[in-house]
Amino acid sequence: MNHMTTTSTTPATPGPAAGPGGTVLEATGVTMRFGGLTAVRGVDLTVDSGEIVGLIGPNGAGKTTFFNCLTGLYVPTEGTVKYRGTVLPHRSHLVTKAGVARTFQNIRLFANMTVLENVLVGRHTRTKEGLWSALLRGPGFRKAERESEERAMELLEFTGLDTKRDHLARNLAYGEQRKLEIARALASEPGLLLLDEPTAGMNPQETMATQELVRAIRRQGTAVLVIEHDMRFIFNMCDRVAVLVQGEKLVEGSPQVVQSDERVVAAYLGTPFEGEPGESEAAEVRAAEAREAGGTSSSGSGEGKKEGEGK
Amino acid sequence: MTPTTPTATADKTAPGPVPGLLKLPAHIARWATLAGATGVLLSTFLAWTWTAAFPGNLTVDLYPGGLQVLALTGALLTLLFALSAQGVRGLGWLTPGGKHSPVLLLALGTAATTLYSVAAIAQKLGGLVNLEPGGWIAGIASVVLLVGALGLPADTPGDAVRPPTSPHQRLLHSFKAPTPERGPVLPSWAEILIIAAVVGAGLEVFAYGISTPYGELFIGYLLTTGFALAAITRSGLNRRLSAVTARHRNVTVAAAFIAAFIFPLTQTSEAYATLGAYILIFATVALGLNVVVGLAGLLDLGYVAFLGVGAYAAALVSGSPYSTLDVQFPFWAAVLTGIGASLVFGVVIGAPTLRLRGDYLAIVTLGFGEIFRIAMQNMDGTSGPNVTNGPNGIPNIPDLEILGFNLGEEHTILGFELGRFSNYYLLMLIFTGIVVLVFRRSDQSRIGRAWVAIREDETAARAMGINAFRLKLMAFALGATLAGMAGTVQAHVTFTVTPTQYKFVEVVPPNSAFLLAAVILGGMGTVSGPLIGAALLYLIPEKLEFMAEYQLLLFGIALVLLMRFRPEGLVADRRKQLEFHDTGQLDVPKAGLTKAGV
Ligand SMILES: Nc1ncnc2c1ncn2[C@@H]1O[C@H](COP(=O)(O)OP(=O)(O)O)[C@@H](O)[C@H]1O
Ligand SMILES: [Mg+2]
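Chains as they are written, first to last, in this note's numbering: chain R, 1 to 311; chain Z, 1001 to 1598.
Next up, chain R with everything else stripped away, as it sits in the complex (with noise of 0.2 angstroms):
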């Protein structure tokens, strides 16, 4: 499709806005507060293209709010995001439309659509057949959705998925899922994509074909913001790690860099505060934990059921 939009947020096609070493991601002074709670704490945040930048922190440590201000799904109390520098809106369709898409941590497909059907839904902001076409199936009509099953089966070859096409998401493999869930992400065709722990609950085989994904999804020009537990998939694979600690940026900078701060270090083992020895033991374990076993945690679980009220 030629359609104006398309051609601004094709990865292969990049706008002019997006020159190589333009920022396509700017979040600048991102709060969230709930109630008394503040989740997201003056996050300033950029992404350049064809960066990979990574997102780490302890669980709880507002990564998964941070995501969901940027995508449109919670108003940030405080702050801007903008996108190719143009102000995001706080609607989470119109984040899709302007080139970011993400994933969830707790997997989110359309569970009782086939695997095709959810890319295709990938692309509903790239297409435009209306009520009326469908229903009159203009030449139009059926050459629009050739085009995109086309795309969509590109993008199930590209994730491997291909063979899979007719089952339900619902009965895929829990590896199988999350790769579904990028492959419907990348159907709208995003300038930045937002993954949020990819990984969680892979084994390393699944994990290693993960970062070769996510590797070409760089290569076609698609600048990536991930949020990862798996230290090793942080460092193989990102230009910049921001760390999140209590909502608060603590440190960006090169994975070495960030590796071997001091404070990084602290944070994710756990300091102890009033020289307490069981709560940074108690943290410790959590970290390890979120290492290891990554995002079914339970911080995870509470999240997806307010998402939708955040509006």
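None of these hints come from the bench; they were simulated from the model. One or more hints might be untrue.
Reference excerpt, derived from the structure (chain R facing chain Z, CB under 7 angstroms, subset only) [said to hold, decoys possible]:
(1) HIS90
(2) LYS97
(3) ASN106
(4) ARG108
(5) ASN112
(6) THR127
(7) GLU129
(8) LEU131
(9) GLN220
(10) GLU252
Backbone N, C-alpha and C define an ideal beta-carbon position, used for all residues, glycine too.
Given the structure of chain R, go ahead and fit chain Z with the ligands onto it with the hints provided.
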């Protein structure tokens, strides 16, 4: 090692066949089944009772009547399937999937019909003394048939780890059938002939049901057809047939519509054409509701109000002497008026309410539905402006005249006499066709996928770029216009529109509760589901007048049972089939989406 040893967990070899409910030797069970079915078959040619006081005239030898015809049909099918299951040459095509499970179901249906008939005779005439020898033979043969069929071994091997042992488990297991292999592809003309034959048979079965003259026969009809359809599903014929119809989609739809057009011609009595017309109105509105509920997942409890808007709009411009507007629009303009009015009403109700999710929407639509009815009741000149004549409604709506063809008069076309209701039936059928087309086309498009996505997970759908509010409003408004369109015909069919026709729940369909029930009972998100659901919901109370007092109670019980045992409804949506009966099987190819187990 035998499967029954406690260490069967380690047993990797396939376990032997699971016995049926009754542990008979297989060959005895087979012979008993054949003998029982033959017995019932022959008995239908004998007199079952001595007096014609029981309806259907079961007193004549060599001439099956009424319930005997049903028993005869059931026994014949049982016999054919039983012979096919035994590998008789030329009948193998009947059972590509399950072998014994269809026989068991047919036997249950035949025995139920026969025993019910015998019991009804005894009850109606006052005792078993009223049975002729033929009746006794029928009863005894059906018991033999039942025993034989319940002794047939199951089609599928039991679970190697936990084989079904208790009688209850064995009974449930014996209903399971393996899925058939893919059938051969026949030449096109042969497949089209098959479709024509099946559609013709469907019309025959439907017409028979609609024209059953007394309640006992209708019960027998429900028993026979219900079990027979389940048996055909188990036998794998259903699956084969869907493969054929999928190859000739347009031919199938066209054949179905031709059959529906032929229906009034097959009716000798205008009374049954009346039923047909009312069923069609109900079914069309139910299909419109299916866009809202089945596709977009919006629980609308006040849907009948849109039918009312269309009907009132058409009545006001119909030229009725009691209409407060002194105009008479041609039919096409009246239809557009009805569509326009319901569209406006739909958007006005939808715009504020569709921002709500789930339960709130249901409550608000329920409220709006009632507000519509009460508003129509109060616009009588005393409580408000006189628009609708209040509770008296708008009577004397004149018959339609389309291209000089007065639908109120009897016409003779091709030698068939078409009365008033046949005319309206045919007119309504065009509208049903439009709604079917709209449903199918919107379902299989970007818009339909967005609706289903919203139904599945609204937050994720929004994150995929779907403007959920807009699309929900679109579904709601489309549903409203479809109902409004049906309403414009309904006003003319019923002569009168009154507020009480559009209640939330009433004994007579259509009303919001029954519309929703038709959709859920028939199968959400399907085309044929609501049509079948609406036909059943209309016919059952119509035919079984004796249970009128308990109708809502029985209806409730039936709905609860259905939701327990077949939550996807009678006709399963391709997607729903796996949602509710998860086989635990991860690799289900496209052709493999079908009913799994009981
Ligand atoms: N909708 C909400 N309402 C109230 N508190 C929330 C909501 N969403 C997240 N939180 C809280 O914000 C904090 C950060 O959560 P989250 O962003 O999920 O952390 P992370 O993804 O880093 O593990 C947690 O304390 C969580 O309970
Ligand atoms: Mg999280």
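Honestly, which of those hints from before does the structure not fit?
Of the numbered hints given earlier, those the structure breaks are 1, 3, 9, 10, listed in rising order.
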